[in-house]
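Student: Spelled out from the first residue to the last, the chains are:
Protein chains: 6
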Amino acid sequence: MSYTTEPISDITRERLMKVGTANVTNALLKRGFRNVYLLGLAPLTPEQGQLVGPAYTLRFMPAREDLDTMANYGKRDNLHRVAIEQCPQGAVLVIDAMGSTKAAAMGDMMALRLKHRGVQGVVTDGGYRDAPAIQATGLPCYQKQSAPPATAIAMHPIELNGPVGCAGVPVYPGDVIVGDGEGVVCIPRHLADEIAIEALDAFEYEAYAAQLIERGTSILDCFPATPESRAAYDQWVAAGRPAFPPLETTP
Amino acid sequence: MSYTTEPISDITRERLMKVGTANVTNALLKRGFRNVYLLGLAPLTPEQGQLVGPAYTLRFMPAREDLDTMANYGKRDNLHRVAIEQCPQGAVLVIDAMGSTKAAAMGDMMALRLKHRGVQGVVTDGGYRDAPAIQATGLPCYQKQSAPPATAIAMHPIELNGPVGCAGVPVYPGDVIVGDGEGVVCIPRHLADEIAIEALDAFEYEAYAAQLIERGTSILDCFPATPESRAAYDQWVAAGRPAFPPLETTP
Amino acid sequence: MSYTTEPISDITRERLMKVGTANVTNALLKRGFRNVYLLGLAPLTPEQGQLVGPAYTLRFMPAREDLDTMANYGKRDNLHRVAIEQCPQGAVLVIDAMGSTKAAAMGDMMALRLKHRGVQGVVTDGGYRDAPAIQATGLPCYQKQSAPPATAIAMHPIELNGPVGCAGVPVYPGDVIVGDGEGVVCIPRHLADEIAIEALDAFEYEAYAAQLIERGTSILDCFPATPESRAAYDQWVAAGRPAFPPLETTP
Amino acid sequence: MSYTTEPISDITRERLMKVGTANVTNALLKRGFRNVYLLGLAPLTPEQGQLVGPAYTLRFMPAREDLDTMANYGKRDNLHRVAIEQCPQGAVLVIDAMGSTKAAAMGDMMALRLKHRGVQGVVTDGGYRDAPAIQATGLPCYQKQSAPPATAIAMHPIELNGPVGCAGVPVYPGDVIVGDGEGVVCIPRHLADEIAIEALDAFEYEAYAAQLIERGTSILDCFPATPESRAAYDQWVAAGRPAFPPLETTP
Amino acid sequence: MSYTTEPISDITRERLMKVGTANVTNALLKRGFRNVYLLGLAPLTPEQGQLVGPAYTLRFMPAREDLDTMANYGKRDNLHRVAIEQCPQGAVLVIDAMGSTKAAAMGDMMALRLKHRGVQGVVTDGGYRDAPAIQATGLPCYQKQSAPPATAIAMHPIELNGPVGCAGVPVYPGDVIVGDGEGVVCIPRHLADEIAIEALDAFEYEAYAAQLIERGTSILDCFPATPESRAAYDQWVAAGRPAFPPLETTP
Amino acid sequence: MSYTTEPISDITRERLMKVGTANVTNALLKRGFRNVYLLGLAPLTPEQGQLVGPAYTLRFMPAREDLDTMANYGKRDNLHRVAIEQCPQGAVLVIDAMGSTKAAAMGDMMALRLKHRGVQGVVTDGGYRDAPAIQATGLPCYQKQSAPPATAIAMHPIELNGPVGCAGVPVYPGDVIVGDGEGVVCIPRHLADEIAIEALDAFEYEAYAAQLIERGTSILDCFPATPESRAAYDQWVAAGRPAFPPLETTP
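Residue numbers (this note's numbering), protein chains in the order written: chain W, 1 to 251; chain L, 1 to 251; chain X, 1 to 251; chain Z, 1 to 251; chain R, 1 to 251; chain C, 1 to 251.
Rather than coming from a laboratory, the hints here were simulated on the basis of the structure. Because the structure is a prediction, the values reported are computed rather than measured. A few of these clues could be false.
Said to hold, decoys possible - Over 12 Å on every C-beta distance to chain L, these chain Z residues come out as not near it, computed from the model: (1) Ile11; (2) Pro88; (3) Lys115; (4) Thr217.
Unchecked claim - Mimicking SDA-like on lysine to any residue, the simulated pairs with C-alpha atoms at most 20 Å apart in a straight line are: (5) C:Lys30 <-> W:Asp66; (6) C:Lys115 <-> C:Ala133; (7) L:Lys30 <-> X:Met70; (8) C:Lys30 <-> R:Glu65; (9) X:Lys75 <-> L:Tyr233.
As the list claims (entries may be wrong) - Computed footprint of chain R on chain Z, listed as stretches where at least three residues anywhere in the stretch have a Cβ under 8 Å from a Cβ of chain R: (10) 71-79; (11) 98-111; (12) 120-132; (13) 143-153.
All C-beta atoms in this analysis are idealised placements derived from N, C-alpha and C, irrespective of residue type, glycine included.
With the hints as constraints, model all of the structure from the sequences given.
Tutor: Pasting the structure below:
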């Protein structure tokens with residue numbers, strides 16, 4: 001199996017920048033994918049902004065006391081540090097930390113460098129050290145739980161950009177990562193374009209349905225879309241998405 | 001066993017709107033109830049406001065690949081959606097999600113509809129999708145952890161308004177749910193009125209004791225109340241709750 | 001083994017007030033200590049401020065239904081309450097709650113009293129009740145998860161100021177606790193002075209390296225420090241830490 | 001949805017009495033079912049014998065201190081006890097214990113009565129009390145872990161023969177339960193006949209392939225079946241399953 | 001609170017040697033005790049025999065790398081080793097291992113010495129090393145899971161014969177421990193005599209009821225005892241417990 | 001880092017065939033290794049015999065619905081199946097199953113083939129299907145818990161003989177695996193010879209000490225060895241290990 005690590009198209013990126021991870025999981029479920037959401041990970045802050053980009057991966061294995069010392073950590077060929085310099089601009093660094101928060105999968109110095117290099121964000125099923133400082137860099141980052149202990153206490157970097165598991169989800173290099181204010185979803189690369197279209201359509205329909213619900217429509221009549229509500233939506237779109245009448249104010 | 005699903009009295013609701021869940025657990029412990037707090041659930045935001053109301057329940061069981069598809073989810077008799085239309089005004093929707101966060105127990109469209117219908121809030125031992133949008137509706141909601149994947153991935157709605165377990169606590173229809181900035185407690189219906197009185201009394205005494213402590217009283221002398229401190233409190237109340245002398249400022 | 005419960009020196013406190021827990025774990029790892037970070041605990045709010053002080057401990061064991069009632073909780077010799085009065089000014093109250101969040105390890109009345117008495121903060125591997133009110137006192141507190149149920153539901157206080165485990169870390173009376181916006185680390189008492197020096201040095205070097213990274217230096221050339229980057233840093237310090245040139249603005 | 005609680009056909013039962021649960025999961029995976037094995041449950045003893053029969057269910061919810069006492073447990077309409085008398089001959093009692101082993105889902109008296117009544121066996125995601133005595137009855141039983149505390153300590157029976165979750169798997173009344181020396185699988189009722197045929201075929205082919213492997217055939221050439229190995233197998237069956245040459249003895 | 005560490009009476013020991021832990025939990029539930037069974041612990045082998053005796057406790061805290069070395073482990077004042085020499089004849093050694101199986105709570109040398117000294121058995125919420133060899137000594141031992149790593153890797157002995165928690169259950173020195181083929185229960189010391197009487201009565205009634213069930217009596221009519229079945233039992237006992245008619249053989 | 005995948009020497013193998021995993025962990029702790037025991041894994045049966053050999057690894061990642069089907073499982077280049085044919089004679093197959101027991105890491109057909117090919121045994125932090133049949137092959141195998149569901153349901157083989165984590169322990173190709181009746185330990189390859197010598201010495205001393213303890217020696221005087229007891233042991237060895245006097249029989 002070969003991996004497409006080419007950047008994704010601008011239009012797909014634009015679409016995915018607007019949608020929620022929930023919309024993406026719906027579209028993937030229709031194609032039979034039930035295990036695509038990285039359960040248990042959260043953004044450092046809900047306001048950090050949307051994350052979209054192809055995955056570049058780093059894999060950890062457990063540390064061994066003689067190999068994983070502060071001294072060895074500082075060597076130039078330490079893969080943890082090499083990953084920070086090699087993750088491509090526009091990509092998302094996905095770190096398989098074996099689900100462990102015993103030690104840091106990344107710290108603020110590394111986040112600062114990634115930000116400077118144009119990396120889009122970082123996702124791990126472990127945790128970070130210096131989380132407040134990482135947040136200050138503006139780099140969208142997702143983790144399980146803060147993990148300030150030194151990396152070498154529990155983790156050893158062993159592979160760059162191979163297929164990994166992260167939070168129980170398969171992530172192949174080049175898969176498209178989407179993160180919003182709640183969490184992260186992984187789209188198999190070959191489906192990214194069509195999922196982006198479908199998720200955006202669902203997202204826009206939901207905004208429409210929300211207007212109906214606020215005006216008293218039953219959930220049974222508009223969400224998920226019925227044939228009738230979908231037809232009405234299509235007409236509304238065709239009509240140029242006219243404004244809804246204002247909500248009645250409770251006196 | 002029959003369940004009282006009548007609305008609770010205005011005075012009981014008023015009292016419970018003021019107290020903390022901690023006050024309620026104390027009052028229930030005195031009556032021998034040790035398992036009433038829904039451990040591990042948290043409000044979407046601490047500022048979402050107090051939640052009080054009788055429980056209306058929805059129970060999920062695990063999904064099956066052939067039954068739980070996006071197509072079936074949209075049917076009008078899907079109990080998940082029916083619950084949103086049938087949960088009574090003034091009630092709290094309690095969702096038994098088997099403690100699972102593999103898929104969403106509710107999303108923002110449903111929250112919007114519940115809010116419109118006058119439901120007081122939602123409690124689940126699973127999680128929601130679109131949590132930021134749910135929060136924006138102003139509906140007080142409690143969950144274990146965000147769960148954006150489509151409901152049908154892991155959960156199947158199987159019963160409305162029967163007795164359920166939620167976060168390990170028994171919840172019978174009509175039991176009174178109280179949620180504050182920390183979490184949620186369930187009061188057996190027949191005890192709601194007396195617990196409301198006792199919890200409010202404890203809450204008000206604590207506000208008094210806090211004033212003492214800030215002025216140097218030992219915890220041993222005022223909290224929990226001693227016979228002496230209680231007598232002093234009663235006098236203070238009888239005297240019209242006069243203002244305490246101002247706190248000395250550290251120079 | 002005897003424990004030094006003397007206050008720590010002003011200079012060590014000052015140094016530790018500046019550093020991150022991540023810096024401390026690095027310095028301890030160099031000395032072979034891999035289990036010093038209290039994993040899974042978090043500050044009530046990241047803004048609560050730094051916590052530094054020698055540990056004074058309280059140990060809980062499981063409750064028994066006949067011993068642990070609301071009535072017994074109010075007795076003057078209840079060790080939970082005695083701890084609040086005896087924890088020394090300047091110390092940190094470390095509560096071994098056996099990792100349980102079934103019941104509260106502390107509430108707001110107790111926090112208020114500790115604050116009044118000059119205690120620096122509280123750390124537990126269980127949880128608190130009235131967490132919003134505790135936060136309002138300004139006392140830096142760390143916990144696993146909020147736990148509003150009455151203490152007597154699940155926990156019995158059994159020992160004051162003995163050696164305990166907290167979140168899997170050994171804590172001896174007098175060990176120096178350091179908490180920041182992420183979490184808590186425990187420094188064996190006899191190492192506190194030297195760790196403070198080393199951690200502060202690392203902290204200050206990192207601030208320097210961050211400036212380099214923001215201007216394009218590779219992580220391989222400045223973090224962790226190389227002999228060359230360290231020499232440059234020492235020169236920069238000797239030169240009076242001159243300001244870096246301003247960051248170029250992206251046009 | 002209606003449930004077929006009719007007994008299964010003799011031929012399907014005979015087939016399923018021979019196969020392994022692993023064979024059944026393979027056949028179900030081919031039809032898209034990935035969540036059918038009750039992970040984490042084990043037979044009381046691997047020698048207890050194969051279990052096959054349609055599911056009759058009992059569901060528990062958490063206990064409440066005032067309702068769930070030893071006195072109430074003894075009442076004639078306690079559903080836990082009624083289940084023991086109503087579970088049909090030839091069926092398997094499936095107990096949804098919410099995955100909890102805090103209290104017993106069944107004891108030896110009940111097992112003895114089920115055995116006497118011709119029930120085939122019991123499956124729970126909780127545990128039993130008096131497990132050695134249950135084993136002595138000869139009734140095939142599966143559980144998560146022994147749980148001798150009195151049922152009323154933690155569990156309340158709330159429903160008979162409705163759809164339940166057990167060990168995270170959906171079980172509808174009438175679904176066909178198959179248990180072997182390792183564990184338990186649940187076959188959706190409408191698929192039972194065809195799964196029985198396919199699983200038995202796989203089981204018999206495996207016995208053939210084992211003979212090949214013991215004589216040196218590569219796993220790549222016989223398992224899973226290749227078109228060539230399957231053709232050879234079919235010929236071997238058509239030839240009346242002739243005996244293989246004896247294994248060479250290592251000198 | 002003072003602890004009675006006197007040996008228990010011969011008659012109480014004799015009674016408890018016959019009953020199941022399930023019988024004991026029932027009798028304690030009637031008195032309001034719901035947390036007395038050490039959930040998750042199992043005998044090394046179901047055939048190891050009944051365990052009865054007053055608790056003598058050993059408490060562990062987490063290890064620290066500089067204190068807990070193989071060298072320090074060998075010192076004469078290491079409390080782990082002292083416990084083996086001081087646990088009284090006739091007592092049960094209860095080891096609070098904080099629920100951790102990262103390192104051994106005991107090994108075969110220690111078990112051999114305890115056996116020689118007349119200690120009745122050992123219970124821990126951690127695990128043992130050399131479990132097969134411990135089993136060979138004939139000493140009844142209960143654990144969570146085998147834990148062969150050296151004790152000093154993760155655990156430090158800190159206290160002898162104080163109150164502890166073991167598997168979440170409070171154990172005070174002198175409490176009476178009862179272990180059977182399934183697990184372990186802890187009886188508060190002051191209740192041991194009456195619980196022994198009641199549990200034995202229940203045990204003997206159950207043996208009687210089993211005979212009824214094997215002959216076709218409904219569970220509703222004999223278990224738990226009804227007033228009628230209890231009267232019949234009392235008559236049967238008064239009549240000298242006559243033999244039941246033989247079971248009919250299925251032809 | 002390069003890995004030595006040469007077979008280990010006959011004398012080291014012979015020594016390790018005699019010792020317990022507990023002896024090995026002690027010897028490794030003396031050299032600073034605290035994370036070498038694969039906690040939570042157990043032999044299929046305690047009687048399966050000792051396992052010694054260099055590690056050959058197979059790594060799994062999570063399955064994806066479109067890639068991991070029964071059809072793809074049967075392809076000749078499926079790494080799971082290739083591993084069975086390529087694991088060298090004399091080696092131990094170590095399977096990194098990510099700690100998951102959602103699907104089988106191996107079945108009986110594969111075990112039969114490994115046995116035929118002269119592989120020593122298999123270790124996984126997941127589980128097997130057909131465990132009773134695997135046991136019947138006589139191949140020593142360790143797992144976390146039986147996992148009969150088809151591999152493709154949850155796991156995808158991604159790498160042969162690279163460094164992996166197994167049960168949280170780092171395993172590099174060629175590391176020496178030792179399994180006994182309790183569990184499994186991993187010895188870093190470069191230490192295998194010296195650890196074998198030291199562990200065997202400890203094992204033999206323990207057999208000697210057991211004789212002393214059975215005759216009344218305090219644990220403080222013989223285990224761990226004191227200088228005096230060690231000298232006595234050396235003399236006893238030098239004297240040809242004479243028989244101890246028979247144990248007195250309790251009359």
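Student: Tell me the numbers of any earlier hints that the structure contravenes, in ascending order.
Tutor: none
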